[in-house]
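Q: As you go down the protein sequences, you meet chains L and V in turn.
Numbered by the UniProt record's numbering, the letters in the first sequence go through residues 1 to 381 in order.
Numbered by the UniProt record's numbering, the letters in the second sequence go through residues 1 to 287 in order.
What the hints contain is simulated information worked out from the structure, not anything from laboratory work.
As the structure is a prediction and not an experimental result, all values here were calculated from the model.
Just so you know, even glycine gets a beta-carbon here, dropped at the ideal spot from N, CA and C.
None of the hints are false.
Computed Cβ-Cβ distance ranges for the label pairs, DEER-style:
1) 213/L / 138/V: 25 to 31 Å
2) 12/V / 143/L: 42 to 48 Å
3) 247/L / 10/V: 32 to 38 Å
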Amino acid sequence: MIEQKVVAPEQLFSEAEREEQFITGSEAVREAIKRANVDMAISYPITPQSESMHLVGDIFAEGYIKEYFRGENEFAVMSSVSGAAMAGVRVFTATGGPGTLRAFETFPTWSGARLPIVCAFLTRGLNSPLTIQPDTLEMAYMLDTGILMLHAENAQDLYDMLLKAFIIAEQPEVHIPVGVFADGFFVTHTRDNVKIAAEDIKLPPYDPNMSPVPAMDMETVPVRQMRDPFVMKSNFISYAAHASWQQEVLAAGERSRKHIDRLLGGLIEVENEDADILIMASGTAVSQSREAIALAQAEGLNVGLVKIKSLRPFPAEQLRRLAAGAKAIIVPEFNRVGWLSREVMTAVEDTTKVVGAPRVFGGMTMPPQLILEEIRRCASE
Amino acid sequence: MSKNIFRISPGFEDIMPDEYKELVESGPYGKDLGVSDMGTFKELLEEHPLCAGCGLALSLRLILASLPNPEDTVIVGSTGCSALAFPQVAVHNIHSLFGNQNAVASGLKRALKLRFPDKVKDVVVIAGDGATADIGLDMVMQSWFRSESITTIMLDNEAYANTGGQESGMTQQGAVMNMAPKGKNFPKISLPEIAREAGCSYVASISPAQPKRLEKMVRRAILTAREVGPSYVQIFSPCPTNYKFKPQETVSRIKQHQKEGHYQTKEYINTAAQEYLASIEEGKKNE
Chain L
1 MIEQKVVAPE QLFSEAEREE QFITGSEAVR EAIKRANVDM AISYPITPQS
51 ESMHLVGDIF AEGYIKEYFR GENEFAVMSS VSGAAMAGVR VFTATGGPGT
101 LRAFETFPTW SGARLPIVCA FLTRGLNSPL TIQPDTLEMA YMLDTGILML
151 HAENAQDLYD MLLKAFIIAE QPEVHIPVGV FADGFFVTHT RDNVKIAAED
201 IKLPPYDPNM SPVPAMDMET VPVRQMRDPF VMKSNFISYA AHASWQQEVL
251 AAGERSRKHI DRLLGGLIEV ENEDADILIM ASGTAVSQSR EAIALAQAEG
301 LNVGLVKIKS LRPFPAEQLR RLAAGAKAII VPEFNRVGWL SREVMTAVED
351 TTKVVGAPRV FGGMTMPPQL ILEEIRRCAS E
Chain V
1 MSKNIFRISP GFEDIMPDEY KELVESGPYG KDLGVSDMGT FKELLEEHPL
51 CAGCGLALSL RLILASLPNP EDTVIVGSTG CSALAFPQVA VHNIHSLFGN
101 QNAVASGLKR ALKLRFPDKV KDVVVIAGDG ATADIGLDMV MQSWFRSESI
151 TTIMLDNEAY ANTGGQESGM TQQGAVMNMA PKGKNFPKIS LPEIAREAGC
201 SYVASISPAQ PKRLEKMVRR AILTAREVGP SYVQIFSPCP TNYKFKPQET
251 VSRIKQHQKE GHYQTKEYIN TAAQEYLASI EEGKKNE
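This is chain L alone, in the form it adopts within the complex (with noise of 0.2 Å):
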């Protein structure tokens, strides 16, 4: 094993010196990753996601983690990652578009276990039919299956967000896994520069001892009883345990924000709060938001952003105090669905201001005078 000095998250996050490189998203990943001290990792191929397991596996060759092997299928690595997760070490894999739908049985059961796995998602479109190309529909059926979920701008956030995943997952309070969101291609397969600490120094170790629940490792005394409450009998005692399991792991997740909000600064960014028209956006929507919002305001506009960087636990007071004040809210998507635009109008009193658009899907770019238009006839109104 390579040899780097344990530092305290803090230290790696915020105080460490950074040195900026010119990497893609799948590099950032890599360098996430190196630094995360994870034990074990489990790859399975999947455009746009291969390269950062790739990567993975070359820092596995180079001695930065434990074990390392490919799966035989996306459901088999969740169901082999969920195991090494019970087994008290940190591990980490990565999936997207078809993938993800392909491991979906084993994604509710990661929370409801309580296993603190961090997961990069890097979002591709759904078949039929076949396409290999940037969207962000999987995560509108992700949202419901109680994983938290970040959503990455560019490499930076990507980079960030990974690291720190591990952190909140790993709160006694918390444990339940997180899911590191990216837009593949757009955020994978390019380059930007990012801001990340020196290689010799990684994360504390994971302490299975913290966890709520009993690594199956034998080293606890096995009352009669799984790890996690079997009640599949009816009575009344199993429908209450099951009903007070599942609120506590939604529990878990909402605890998880003062944790997003010391780590990542908040589960929203803002900017321009008291503008009329706001944009509400996450992942590399926002990117193209900010294009947009400089064109609207070489024309005069006065527009806002939003970036929403957590959608589980979802910023929803946070939003419908912000919408309070504006004239109307615009979110761009790169989904046919618009999952997004439903999550803020769930949370928002008037839910006419919500303009759920554009939306563009099955791989098109997002030209930031698509979204300048809605600028305008939202100012015109």
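With chain L's structure known, arrange chain V on it following the hints.
A: Quick look at chain V alone, frame taken from chain L:
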């Protein structure tokens, strides 16, 4: 595990459940007990909810009594009748999903090796025929291809019993079952042969009608997985409920099947496993 974890903290003696006190006082942890000692120790399975006469329940009791290292064994199960019994088993056990048990076990075993490099931690998959030979076959075989150090035990009741008696890949050809209303139209899958070809170092098929041989095979399978390579044991565990025979007829039915040649006791041990098992079994004789 340090065996003295199985003790009651001072001051808590009077509030611990009787069942737990019994485990501490006369459980099999660290005592090298086996099938012949049943009745003299607190078994690892208690008050299971399976049907009267259930072949799985009988097999599971025997498997648990045969574990060479119960204090450091983790069981991975799958959806099915056997999963109903797992909450009543006093070793750490995981209910995975339907069919992914060997994938879960792969991650678990590798992680335990990382955390406890100097300790023996046995990972034993115990799942039904639907989970092993049908929905999970891909993951079962891939774990063998990858030479994962785990033991896979199939409780073969020749049906999807928990969901109401549908045919499985392990059902005998011609049997009329739910979802095979005109009789199953392909033969029982020969998983022992597949296991052998897929890289298992030790393969056996057995039934609970031969408890001492079952014990020997389970122990051999676990020891082989620990030191040599993956192992597979298939245990014929008939289902009185779905095959509609009397609960007390389970063992006689097994014997009848064996007599008629529908089910055979078999054992395959590759050279490396033979050498390893001979060395420890010889050592035991000389003790």
